[in-house]
Amino acid sequence: MCGIVGLFLKDPSLESQLGDMLTDMLITMTDRGPDSAGIAIYGGDRDGVAKLTVQSDTPDVDFDNLENALRKQIKGPVSMSVKDTHAVLEMQADQVDAARAVLRSIRPDVRIMGHGTSLEIYKEVGLPKDVAARFDLRKMSGTHGIGHTRMATESAVTTMGAHPFNTGVDQCLVHNGSLSNHNSLRRKLRRLGVHIETENDTEVGAAYLTWKMQTGATLGEALESSLDDLDGFFTFLVGTKDGFGVVRDPIACKPAVMAETDQYVAFGSEYRALVNLPGIEDARVWEPEPATVYFWSHNAAPTATEKAA
Amino acid sequence: MRHRPPRKRQRKMQTFDLEAEGLRALNSALHAQADNTNQTVWEIVNPKGAHAIAVGLDAPIEVNVKGSTGYYCAGMNKQATVHVHGSAGPGTAENMMSGTVIVEGDASQYAGATGHGGTLIIKGNASSRCGISMKGIDIIVHGNVGHMSAFMAQSGNIVVCGDAGDALGDSCYEARFFVRGSVKSLGADCIEKEMRAEHIAILEELLERGACDAKASEFKRYGSARQLYNFDVDNAAAY
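Going line by line, the protein sequences match chains G and U. Position 239 (the first sequence) corresponds to 239 in our numbering; numbering is contiguous. Position 136 (the second sequence) corresponds to 136 in our numbering; numbering is contiguous.
Watch out, some of these pointers could steer you wrong.
One-sided and incomplete, this derived list gives chain U residues near chain G with beta-carbon spacing under 7 angstroms [said to hold, decoys possible]:
#: 1; residue: 46
#: 2; residue: 49
#: 3; residue: 123
Here are the computed distance ranges between Cβ atoms for each label pair [as the list claims (entries may be wrong)]:
#: 4; chain 1: U; residue 1: 66; chain 2: G; residue 2: 76; range: 57 to 63 angstroms
#: 5; chain 1: U; residue 1: 45; chain 2: G; residue 2: 197; range: 44 to 50 angstroms
#: 6; chain 1: U; residue 1: 211; chain 2: G; residue 2: 190; range: 55 to 61 angstroms
#: 7; chain 1: G; residue 1: 291; chain 2: U; residue 2: 211; range: 30 to 36 angstroms
#: 8; chain 1: U; residue 1: 45; chain 2: G; residue 2: 284; range: 18 to 24 angstroms
#: 9; chain 1: G; residue 1: 260; chain 2: U; residue 2: 66; range: 50 to 56 angstroms
#: 10; chain 1: G; residue 1: 134; chain 2: U; residue 2: 43; range: 39 to 45 angstroms
Here are the simulated lysine to aspartate or glutamate pairs, DMTMM-like style, with alpha carbons at most 20 angstroms apart [said to hold, decoys possible]:
#: 11; chain 1: G; residue 1: 83; chain 2: G; residue 2: 57
#: 12; chain 1: U; residue 1: 48; chain 2: G; residue 2: 31
#: 13; chain 1: G; residue 1: 10; chain 2: G; residue 2: 197
#: 14; chain 1: U; residue 1: 123; chain 2: G; residue 2: 24
#: 15; chain 1: U; residue 1: 48; chain 2: G; residue 2: 281
#: 16; chain 1: U; residue 1: 48; chain 2: G; residue 2: 20
#: 17; chain 1: U; residue 1: 184; chain 2: G; residue 2: 24
#: 18; chain 1: U; residue 1: 123; chain 2: G; residue 2: 282
#: 19; chain 1: U; residue 1: 66; chain 2: G; residue 2: 282
#: 20; chain 1: G; residue 1: 188; chain 2: G; residue 2: 231
#: 21; chain 1: U; residue 1: 48; chain 2: G; residue 2: 282
#: 22; chain 1: U; residue 1: 193; chain 2: U; residue 2: 218
#: 23; chain 1: U; residue 1: 48; chain 2: G; residue 2: 24
#: 24; chain 1: U; residue 1: 66; chain 2: G; residue 2: 249
#: 25; chain 1: U; residue 1: 135; chain 2: U; residue 2: 174
#: 26; chain 1: U; residue 1: 48; chain 2: G; residue 2: 260
#: 27; chain 1: U; residue 1: 184; chain 2: G; residue 2: 289
To be clear, the hints were calculated from the coordinates, so they are not data collected in a lab. Note that CB positions come from ideal geometry on N, CA and C, so glycine has one too.
Please put together the full structure from these sequences, using the hints given.
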C-alpha cells in the first residue's frame with residue numbers, strides 16, 4: 001500500500017509550521033504504511049553552502065567528533081547537527097566531493113541519505129509517529145516537504161528501504177506502488193555504473209531518474225520517460241529545490257489527491273491526510289490525471305522541462 | 001418489561017459526530033435501524049475522509065454525510081439513501097443492491113463497482129473505472145468519467161453528462177452507456193449504437209432521476225458489439 005504526503009507553501013507565514021503540518025499528514029497515513037516512515041524537508045538555503053544528510057546505525061560512535069575530523073581533512077568549515085540516527089553536515093558547496101571521499105575512508109558505515117543546498121532527509125524503520133518523534137519533525141520549518149509511510153511489499157523493512165530516496169542534488173523521490181521490472185532495470189543500471197545499494201524497487205526507480213538526468217534529461221523528461229521504461233504501479237512524488245512534481249502510471253490505481261488554496265498546494269494518498277490543513281473546506285480538491293507530469297514551483301514560471309540541478 | 005426507545009426520538013433527526021464517536025459506533029447504530037420501518041433521518045458530521053462510512057445499510061433511512069468521505073462509503077447499500085455533501089473516495093457505493101447514493105462533489109476511482117441495483121448520482125466528476133463490472137446499478141454522472149469506466153459492465157445504465165475517458169465499456173456485456181460529450185476511446189467490443197425511442201425513454205427517466213440539466217437528444221448510446229461473448233480465434237487480438 002504505502003502513503004504519500006506533500007506540502008508546498010505559497011504563504012511564507014506558514015513556513016514555521018511546515019514540520020508540524022507534515023507530521024500530522026504523515027501520522028494520518030500510518031495505516032497505509034506502518035513499517036517505516038521518512039520525510040524530505042526543504043529550507044534554510046544559504047549561498048555556497050551544501051548540506052549532506054548522513055545516517056548511522058551507531059550514531060554514538062560514528063558521529064563522535066565527526067565534525068572536527070571532517071574539518072581537519074577537507075580543510076574547510078564544517079558544522080554538524082545530530083538528530084537521532086541522522087546528522088546534517090553543512091560545508092562549502094565546492095567541498096562536498098572531498099567530504100564524501102573522507103567520509104568513506106574515516107566512517108565507512110555512515111550512509112549518505114541526501115545531498116543538496118536546502119534538502120534534508122530523515123527516514124527510519126517504525127511507526128510514523130515514532131519516527132517523527134525521534135527526529136523532532138514537528139519543530140522543523142521550511143518552504144516545502146514530502147513524506148512517506150511504507151508498507152513493504154518488494155523488499156525488506158530497513159532504513160535504506162525507507163523513502164524518500166535522494167535522486168540528485170536537492171532532489172528526492174517517494175513512491176506508492178510496486179515496480180515489476182526492477183530486477184532487470186537494476187542489472188541494466190548497474191552495468192552502466194549506477195550505484196544501487198538495496199533490493200528495493202523504488203531505489204531502482206530513483207536510480208533510473210538520476211541516471212536519466214545525468215545523461216541530459218530534465219527532471220520532467222526523466223519522469224515522462226519513466227512512463228515508458230518502468231513497468232508496474234506507481235504514484236511518484238518528487239521533491240525539487242523549488243517545489244514538487246507528481247506523476248502516476250497510466251492505469252492509476254494508486255490513489256492521489258491534491259488540494260490547492262492561496263496558502264499551499266498539498267498532496268495526499270487520501271483526502272484524510274489533508275483534512276486538518278487550514279482552509280481545506282474551501283480548497284480546490286482534485287485527483288491528478290494518469291500519465292501526466294505535474295510540477296509546482298516557487299519559481300515565477302515553473303515548467304515541466306526545468307533543467308535538473 | 002422489554003425496553004423500547006421512545007417513538008418521538010426515532011422520528012427526530014439523529015446527529016452523529018463521527019470524529020467523537022467513531023466509525024464502529026456509527027455503523028452499528030445505522031445497522032440497528034434495519035428492522036425499524038420508521039423513516040429516520042441521520043446527519044453525520046466530521047466525516048473527514050474516513051473509510052467505510054454507512055456501509056452495509058439495509059433500511060429505508062436517509063443518511064446525510066456533511067463533508068467528504070474516504071474509501072467505500074455506502075458500500076453494499078440496500079434501501080437507504082446516502083447523501084454525501086462533499087467528495088467521495090475510492091469504491092463509493094461499491095456492490096450496491098438498492099437505494100440511492102448521491103455525491104455532491106467528485107467521486108474517486110471505481111464508484112459503483114459491481115453494483116447490482118439502486119441509483120448512484122455523482123454531481124461532479126467520477127474518476128477511473130466508474131461502474132466496473134456493474135450488474136444492474138444505474139450510475140448518473142453530471143460531469144466526466146475517467147478511463148476504463150464500465151469495464152466488463154454486465155447490466156444497468158451509465159449516464160455521463162460530460163466526457164468519457166479512454167477505453168469506455170471495454171469487454172462489456174448488456175449494460176447501456178449514454179454519453180453527452182466526447183468519448184476519448186472505446187474499449188474492446190464496445191461500439192456506438194442507434195438511439196431508438198425506447199432508449200430515449202429510458203434515458204429521459206434517468207436524467208429526471210438524476211436531476212440532470214440535459215436533454216436526452218444530446219446523448220449518444222454505446223454498448224456491446226457482442227463479438228467477445230464466446231472465444232473466437234479471429235478475435236484473439238481483442239481479448
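Here's how the hints hold up against the structure:
no., hint, in the structure
1, 46, "violated (9 angstroms)"
2, 49, "holds (4 angstroms)"
3, 123, "violated (14 angstroms)"
4, 66(U) x 76(G): 57 to 63 angstroms, "holds (59 angstroms)"
5, 45(U) x 197(G): 44 to 50 angstroms, "holds (48 angstroms)"
6, 211(U) x 190(G): 55 to 61 angstroms, "holds (59 angstroms)"
7, 291(G) x 211(U): 30 to 36 angstroms, "holds (34 angstroms)"
8, 45(U) x 284(G): 18 to 24 angstroms, "holds (23 angstroms)"
9, 260(G) x 66(U): 50 to 56 angstroms, "violated (23 angstroms)"
10, 134(G) x 43(U): 39 to 45 angstroms, "holds (41 angstroms)"
11, 83(G) x 57(G), "holds (12 angstroms)"
12, 48(U) x 31(G), "holds (16 angstroms)"
13, 10(G) x 197(G), "violated (36 angstroms)"
14, 123(U) x 24(G), "violated (31 angstroms)"
15, 48(U) x 281(G), "holds (10 angstroms)"
16, 48(U) x 20(G), "holds (19 angstroms)"
17, 184(U) x 24(G), "violated (39 angstroms)"
18, 123(U) x 282(G), "holds (18 angstroms)"
19, 66(U) x 282(G), "holds (14 angstroms)"
20, 188(G) x 231(G), "holds (14 angstroms)"
21, 48(U) x 282(G), "holds (14 angstroms)"
22, 193(U) x 218(U), "holds (14 angstroms)"
23, 48(U) x 24(G), "holds (14 angstroms)"
24, 66(U) x 249(G), "violated (32 angstroms)"
25, 135(U) x 174(U), "holds (9 angstroms)"
26, 48(U) x 260(G), "holds (17 angstroms)"
27, 184(U) x 289(G), "holds (14 angstroms)"
The structure fails hints 1, 3, 9, 13, 14, 17, 24 (numbered hints given earlier, in ascending order).
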